[in-house]
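Same order as they appear, the protein sequences are chains A and B.
Numbering-wise, the first sequence is residues 1 to 307 according to this note's numbering.
Numbering-wise, the second sequence is residues 1001 to 1307 according to this note's numbering.
Keep in mind that the hints were calculated from the coordinates and are not lab data.
Do not take every clue at face value.
[As the list claims (entries may be wrong)] In silico negatives: residues of chain B with every beta carbon more than 12 Å from chain A: (1) Arg1168; (2) Glu1249; (3) Gly1271.
[Unchecked claim] Covered by chain A, according to a simulated footprint, are these stretches of chain B (three or more residues, beta-carbon under 8 Å): (4) 1180 to 1188; (5) 1293 to 1299.
Note that the Cβ used here is the ideal one computed from N, Cα and C, for glycine as well.
2 protein chains.
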Amino acid sequence: MTTSTPQPTTRTAAARRPEQADRPERTGQAGRTAPAVAAAPAYVHGYSPAEARRLGDQADALAELLHLGTAYPPGSRVLEAGCGVGAQTVHLLTSGPDVLLTAADISADSLALARARVAAHAPGARVDWHHGDLHRLPFPDDSFDHLFVCFVLEHLADPAAALAALRRVLRPGGSVTVIEGDHGSALFHPHGEAAQRVVDLLVRLQADGGGDGLLGRRLYPLLTAAGFRDVVVGPRTMYADGSRPDLAEGFTRRTFIAMVEAVREDAVGAGLTTAEAFDRGVAELRRAAEPGGTFHYTFFKAVGVNP
Amino acid sequence: MTTSTPQPTTRTAAARRPEQADRPERTGQAGRTAPAVAAAPAYVHGYSPAEARRLGDQADALAELLHLGTAYPPGSRVLEAGCGVGAQTVHLLTSGPDVLLTAADISADSLALARARVAAHAPGARVDWHHGDLHRLPFPDDSFDHLFVCFVLEHLADPAAALAALRRVLRPGGSVTVIEGDHGSALFHPHGEAAQRVVDLLVRLQADGGGDGLLGRRLYPLLTAAGFRDVVVGPRTMYADGSRPDLAEGFTRRTFIAMVEAVREDAVGAGLTTAEAFDRGVAELRRAAEPGGTFHYTFFKAVGVNP
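Sequences and hints are given; from them, build the entire structure.
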């Protein structure tokens, strides 16, 4: 998943880091900050306290969906590999304030944002920040009790190699937790062909960038192939309809559709679609967030053990 | 969802009734009985006790997924509209042995099979069987306390009209429960284009027959438009990977892939594909049920109240 949070990283747009929509700013193109998206000016600013609270509720709902069951004992050594701008880091620190957390990312800019976010949301929390490539972390073998990897593998050319490299720094008996989305699980009503095409473009661009927007369904074979044991994968679904306008707005529009909109320039620039067709698809997709619409998206959460 | 149970009904093949795979026989073309499907002879017979138990476990897993939360008080008047061959009827009678159950279906042949199934699985249960069209049931207004409708709306040309007709026989304050699948939620790994095409053919044929294989996502707007209130829809996902070979065999292969295979003749006959392309797609799809594969399918369960 991409994000509604600015993400000045060095990734290509098709391989930007995903985060949940817990801040109202627009998703930026990778390497840029919060570009205006003509089709959705209302996303940029102008939030009332009620709207902010509603979005907070939505972010809480998504965080609960993703983090439920993840709580590390006090004093345990936890590595968050690929922490990005820290969206999940703050949740890890909330559920486990006394863990010894190391957060690593390849982007110094993202790490700076993550530090600021943690300072704002979890003041007093102690985090060891590490700037580096998760394929080549400098930590000794068995340095950690637990690994947490969220919305990272989908951006990597060889997620199996990344998992193997991460397993090295996990002690025997330690746990790994991996969370990924799968854009193929995006079901929207009304269901239109133009909308489906822009979702497919998202997957296509991510693949062209060396990633895999359909990675969620692959977690079990990836983790077992990397040598983890007792792997359990569970689908976790966000579903929004007219009974949950907060989720329709916060998740369907501001998280999923915003992620789709963020690839507009790349898709048009690559000649994969026209601006008109793209905008028509996004307009169709937005009907899923209206009162008569529905939206479904499945995340996959995997937990395994290092033998 | 279609079924691994013979279904001699008068429906077209593209609109056959879905049931879960709780019997080992092959799905029949509508109006025929258990035709041999060349590509899957092993499905027809030859079950060992261990295999039967494994399939039973799988059927239990699916029944639990679908029926969890549905339990009617003793003495309550329940209408199962579109009971088909009784696959869900036996579960309703198991969770509520003292309900006053009426089971209705438009197919006399299906009803005969449903009676036999109930006699075998819930001996002593009392069911009022009704042969008739759920759009024009002869019961007086307010005849029932609860409605149960499972895998029925997807086959109807006007599901909203059917829901409105059913609401008439439900007393004010009574509940409605509707369960539907959504073939768009079928995620399979490995993900191949040929496999995706045969899944798309299933949806296409169901649409050509006047149904909607993507109906699950529409439940909320359908029920609210039909006048039900307090509608709550929850996605319920079957997910099978190498850690659950029973589900991979029982659900992925014997339920979902069997349903796809059952439209082979229609798809080829209608000129929508060739036999070779269809078989290639099914072969690709079967890899999702092998040890390195995964499969995901979401059912939608809606509960509402008649105001």
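Hint by hint, here is what the structure shows:
no., hint, result
1, Arg1168, "holds, 23 Å"
2, Glu1249, "holds, 16 Å"
3, Gly1271, "holds, 21 Å"
4, 1180 to 1188, "holds (count 5)"
5, 1293 to 1299, "holds (count 4)"
Of the numbered hints given earlier, the model fails none.
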